[in-house]
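*Asks:* Sequence:
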Amino acid sequence: MPLLHINLSSADQVIELMHDLKPQTLILRQVIINKDIMSAMNADEEGLQIDLRHMFNGFELLSNISSDNKLFIPVHSRPLAPTPAPFIYPFHLKMTAEEIKSRFVIKCFKKDGLTPVSFDTSDDGHYKSIDLYFEFETAQHFETIHTPGGLGVHQHV
1 MPLLHINLSS ADQVIELMHD LKPQTLILRQ VIINKDIMSA MNADEEGLQI
51 DLRHMFNGFE LLSNISSDNK LFIPVHSRPL APTPAPFIYP FHLKMTAEEI
101 KSRFVIKCFK KDGLTPVSFD TSDDGHYKSI DLYFEFETAQ HFETIHTPGG
151 LGVHQHV
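If you're matching positions, the sequence shown starts at 1 in the numbering used here and goes up one per residue.
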């Protein structure tokens with residue numbers, strides 16, 4: 001099965017793929033967060049919301065903590081370290097995509113779902129990168145249909 005890797009390095013990032021992906025099921029397998037944690041996080045920052053509504057056209061993620069199509073990830077403080085280890089979150093979230101366009105935006109917010117997270121290196125506790133790994137069925141952007149009456153006759157849809 002193909003893998004879709006999305007690397008986020010800004011709070012409001014445009015994602016560009018080689019082509020659209022046809023309607024299919026995607027499985028979010030893993031999220032890896034690299035964060036500069038030189039100071040303790042307060043309770044308002046101990047969470048991250050990733051807005052996937054422009055990637056998934058339907059309502060694939062519902063939560064009482066975050067608004068529709070925002071993936072909530074609890075991110076907690078770690079002891080101070082010069083080079084903190086990445087946060088690795090294994091997921092197995094199966095989501096159905098109506099169609100994923102080749103160009104869309106993903107936004108990242110603090111726990112409140114309103115305040116953009118910082119990727120600015122001058123901010124203590126900034127995010128360095130967020131990586132999303134999705135497994136999906138096919139990278140083809142068309143299907144081949146065999147007509148019942150004509151062996152070997154193809155149509156591209």
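You may find that some hints are simply not true.
[Said to hold, decoys possible] In the EDC-like style, the derived pairs of lysine to aspartate or glutamate whose C-alpha atoms are separated by at most 16 Å in a straight line are:
| no. | residue 1 | residue 2 |
| --- | --- | --- |
| 1 | Lys94 | Glu45 |
| 2 | Lys107 | Glu16 |
| 3 | Lys22 | Asp120 |
| 4 | Lys94 | Asp12 |
| 5 | Lys107 | Asp131 |
| 6 | Lys110 | Asp12 |
| 7 | Lys22 | Asp131 |
| 8 | Lys107 | Asp68 |
| 9 | Lys94 | Glu137 |
| 10 | Lys110 | Asp120 |
| 11 | Lys110 | Glu16 |
| 12 | Lys101 | Glu45 |
| 13 | Lys128 | Asp20 |
| 14 | Lys107 | Asp20 |
[Stated by the list, open to error] Taking CB as the label site, the calculated pair distances span:
| no. | residue 1 | residue 2 | range |
| --- | --- | --- | --- |
| 15 | Glu16 | Lys94 | 31 to 39 Å |
| 16 | Asn57 | Asp36 | 13 to 21 Å |
| 17 | Pro90 | Glu46 | 15 to 23 Å |
| 18 | Thr138 | Asp112 | 32 to 40 Å |
| 19 | Ser129 | Leu17 | 13 to 21 Å |
| 20 | Met18 | Glu98 | 30 to 38 Å |
What the hints contain is simulated information worked out from the structure, not anything from laboratory work. If you're wondering where the values come from, they're calculated on a predicted model, not measured in any experiment. We put the CB at the ideal spot given by N, CA and C, even for glycine.
*Asks:* Hint by hint, say whether it matches the structure.
*Replies:* Quick rundown of the hints versus the structure:
1. Lys94 <-> Glu45: violated (27 Å)
2. Lys107 <-> Glu16: Within the cut-off at roughly 14 Å; holds.
3. Lys22 <-> Asp120: Since the Cα atoms of Lys22 and Asp120 sit roughly 35 Å apart, the hinted pair is violated (cutoff 16 Å).
4. Lys94 <-> Asp12: Distance of about 24 Å is beyond 16 Å: violated.
5. Lys107 <-> Asp131: holds (13 Å)
6. Lys110 <-> Asp12: The given pair, whose Cα atoms are some 13 Å apart, holds under the 16 Å limit.
7. Lys22 <-> Asp131: Violated. Lys22 to Asp131 sits at ~22 Å, over the 16 Å cutoff.
8. Lys107 <-> Asp68: It holds: about 13 Å lies between the C-alpha atoms, which stays within 16 Å.
9. Lys94 <-> Glu137: holds (11 Å)
10. Lys110 <-> Asp120: Status holds; Cα separation ~14 Å.
11. Lys110 <-> Glu16: violated (24 Å)
12. Lys101 <-> Glu45: The given pair, whose Cα atoms are some 31 Å apart, is violated under the 16 Å limit.
13. Lys128 <-> Asp20: violated (28 Å)
14. Lys107 <-> Asp20: violated (20 Å)
15. Glu16 <-> Lys94: 31 to 39 Å: Given about 25 Å between the Cβ atoms, the range is violated.
16. Asn57 <-> Asp36: 13 to 21 Å: Cβ of Asn57 to Cβ of Asp36: about 34 Å, so the range 13 to 21 Å is violated.
17. Pro90 <-> Glu46: 15 to 23 Å: 19 Å Cβ-Cβ, so the 15 to 23 Å window holds.
18. Thr138 <-> Asp112: 32 to 40 Å: Check passed, 38 Å falls within 32 to 40 Å.
19. Ser129 <-> Leu17: 13 to 21 Å: holds (18 Å)
20. Met18 <-> Glu98: 30 to 38 Å: At roughly 19 Å between Cβ atoms, Glu98 and Met18 fall outside 30 to 38 Å, so the hint is violated.
Violation of the numbered hints given earlier is confined to hints 1, 3, 4, 7, 11, 12, 13, 14, 15, 16 and 20; the remaining hints are satisfied by the structure.
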